[in-house]
Amino acid sequence: QKEVEQDPGPLSVPEGAIVSLNCTYSNSAFQYFMWYRQYSRKGPELLMYTYSSGNKEDGRFTAQVDKSSKYISLFIRDSQPSDSATYLCAMSEWGTNAGKSTFGDGTTLTVKP
Amino acid sequence: NAGVTQTPKFQVLKTGQSMTLQCAQDMNHNSMYWYRQDPGMGLRLIYYSASEGTTDKGEVPNGYNVSRLNKREFSLRLESAAPSQTSVYFCASSEAGLGELFFGEGSRLTVL
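Just so you know, the protein sequences line up as chains F and X, in that order. Note that the numbering used here has the first sequence beginning at 1, numbered continuously upward. Note that the numbering used here has the second sequence beginning at 1, numbered continuously upward.
FYI, nobody ran anything at the bench for these hints, they're computed from the structure. Don't take each hint at face value.
[Claimed, not checked] Calculated pairs, DSS-like style, for lysine-lysine (alpha carbon to alpha carbon, straight line, at most 27 Å): (1) X:K57 to F:K2; (2) X:K71 to X:K9; (3) F:K56 to F:K67; (4) F:K42 to X:K14; (5) F:K2 to F:K100; (6) F:K42 to X:K57; (7) X:K71 to F:K100; (8) X:K57 to F:K100; (9) F:K42 to F:K2; (10) F:K100 to F:K70; (11) F:K100 to F:K56; (12) F:K100 to F:K42; (13) X:K9 to F:K67; (14) F:K56 to F:K42; (15) F:K100 to X:K9; (16) X:K9 to X:K57; (17) X:K71 to F:K42; (18) X:K57 to X:K71; (19) F:K2 to F:K56; (20) F:K67 to F:K100; (21) F:K112 to F:K42; (22) F:K112 to F:K100; (23) X:K14 to X:K71; (24) F:K2 to F:K70.
[As the list claims (entries may be wrong)] So the derived list for chain F, only partly shown, Cβ under 7 Å to chain X, looks like this: (25) P44; (26) L46; (27) Y71; (28) G99.
Remember, it's a predicted structure, so these values are computed and weren't measured experimentally. We put the CB at the ideal spot given by N, CA and C, even for glycine.
Chain X extracted, bound-state conformation:
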């Protein structure tokens, strides 16, 4: 069972470069999320998609865009990367209306 799959696992960018983090889930969940995790700061919600065709901002959306491509896939785009976006990014999914989140393994991004 793959669960939630994220790519790439590691990425190094220079300031100003753009990139897209990909996420796919095979659990037929309606809702998908992007979180970032910084040392000592827990997980913070960037964007979420309650269902296919909808997206909404979370706690820290500035500098990011998302696309809910279909029910399985939810991508996160950094248009012009900044050193403050150096972090570990986690994609998660859940059944609609339930609090349980299923996470991917994370994507480690360094912006120089």
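Here chain F stands alone, though its shape is the one from the complex:
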């Protein structure tokens, strides 16, 4: 069993829809939770970053972490065609291992105009 499992997708939604992307994990030592966005043939770029349970909002994006259930989500409101990309969840431990992220396999999202 993988340490991080990500809903595989792909997802196709109409413009303006609310999108929910989800990951579960098994390692209780994970303390940092990240979402990266990766456009085709580009490197991943950090979208959201949190280190505690609860919600974090940034514009149209909300990251949600539930450590008790070992479950994280990314919500995209009013989705736009420019949001079409692969979304990767990532997690890491505290301290010197913080940069050694374990990634989900990614969910490819297409937002249709």
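We have chain F already, so just place chain X on it with the hints.
For chain X alone, coordinates are given in the frame of chain F:
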């Protein structure tokens, strides 16, 4: 702002050939990483360097070697390339003790 720069962007090798992927960052980060990305498999850590002068194995180190040349540069070497090493390789950097990674644009390697 250059961020993380990788070279080359594309490379085709024959089985058994060697090559080095170069990576440099200009963000004064202490930690640097090499990941590989294969279709449907996410990103897997090959090697990392927590600070200048140190390197350590990640999840999939076999067939690779690394050198942390200085604080800015971290190279990945394939001594004898195999078709299983066909992949997209990403270099990343981070502040020590933080989870945020900053990635380069990737190096696409094909081994025939």
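Quick rundown of the hints versus the structure:
A C-alpha spacing of about 19 Å is found between K57 (chain X) and K2 (chain F), which places the hinted pair at or below 27 Å, so the restraint holds. A hinted pair counts as satisfied when its Cα atoms are at most 27 Å apart, and K71 (chain X) with K9 (chain X) qualifies at roughly 22 Å. Between the alpha carbons of K56 (chain F) and K67 (chain F) the distance comes to roughly 14 Å, so the proposed pair stays at or under 27 Å and holds. Restraint check for K42 (chain F) and K14 (chain X): the C-alpha separation of about 25 Å stays at or below 27 Å, so the hint holds.
Of the supplied pair hints, the one linking K2 (chain F) and K100 (chain F) holds, its CA atoms being roughly 16 Å apart against a limit of 27 Å. Distance restraint check for K42 (chain F) and K57 (chain X): the Cα-Cα separation of roughly 25 Å lies within the 27 Å cut-off, and the hinted pair is therefore satisfied. Pair hint K71 (chain X) plus K100 (chain F) holds up; C-alpha atoms about 18 Å apart against a cutoff of 27 Å. Restraint check: the Cα-Cα separation between K57 (chain X) and K100 (chain F) comes to about 11 Å, which is no more than 27 Å; the hinted pair holds.
Of the pairs offered as hints, the one joining K42 (chain F) and K2 (chain F) holds, with about 25 Å between alpha carbons and a cut-off of 27 Å not exceeded. About 19 Å separates the Cα atoms of K100 (chain F) and K70 (chain F), which keeps this hinted pair within 27 Å; it holds. In summary, the hint linking K100 (chain F) to K56 (chain F) is supported, as the alpha carbons are separated by about 22 Å, within the 27 Å threshold. For a cut-off of 27 Å, the pair hint linking K100 (chain F) to K42 (chain F) stands: about 20 Å separates their Cα positions.
A distance of roughly 39 Å separates the Cα atoms of K9 (chain X) and K67 (chain F); the hinted pair therefore is violated under the 27 Å criterion. Straight-line distance between C-alpha atoms of K56 (chain F) and K42 (chain F) comes to about 26 Å, which keeps the hinted pair within the 27 Å bound. Taking the CA atoms of K100 (chain F) and K9 (chain X), the gap is near 24 Å; set against the 27 Å cutoff, the hint holds. Restraint check for K9 (chain X) and K57 (chain X): satisfied, since their Cα atoms lie roughly 24 Å apart, inside the 27 Å limit.
Proximity of K71 (chain X) to K42 (chain F) is assessed by CA-CA distance (about 24 Å); at most 27 Å being required, the pair is judged to hold. Note on K57 (chain X) and K71 (chain X): the hinted pairing holds, with a Cα-Cα distance of about 18 Å set against a maximum of 27 Å. For the hint pairing K2 (chain F) with K56 (chain F), the CA-to-CA distance comes to about 26 Å; that is within 27 Å, so the pair holds. Our distance criterion of 27 Å between C-alpha atoms is met by K67 (chain F) and K100 (chain F), whose separation comes to about 19 Å.
For the hint linking K112 (chain F) to K42 (chain F), the alpha-carbon distance of about 21 Å falls within 27 Å, and the restraint holds. Taking the CA atoms of K112 (chain F) and K100 (chain F), the gap is near 35 Å; set against the 27 Å cutoff, the hint is violated. The suggested pairing of K14 (chain X) with K71 (chain X) is violated, with an alpha-carbon distance near 32 Å, which exceeds 27 Å. Restraint check for K2 (chain F) and K70 (chain F): the C-alpha separation of about 13 Å stays at or below 27 Å, so the hint holds.
Interface restraint check for P44 (chain F): the shortest CB-CB distance to chain X comes to about 5 Å, inside 7 Å, so the restraint holds. The criterion of a C-beta within 7 Å of any C-beta in chain X is met by L46 (chain F), whose closest approach is roughly 5 Å, and the hint holds. Restraint check, Y71 (chain F) versus chain X: the minimum CB separation of about 18 Å is more than 7 Å; hint violated. Taking 7 Å as the C-beta contact cut-off toward chain X, the hint placing G99 (chain F) at the interface holds, the least distance being around 4 Å.
Violated hints, in rising order: 13, 22, 23 and 27; the structure is consistent with all others.
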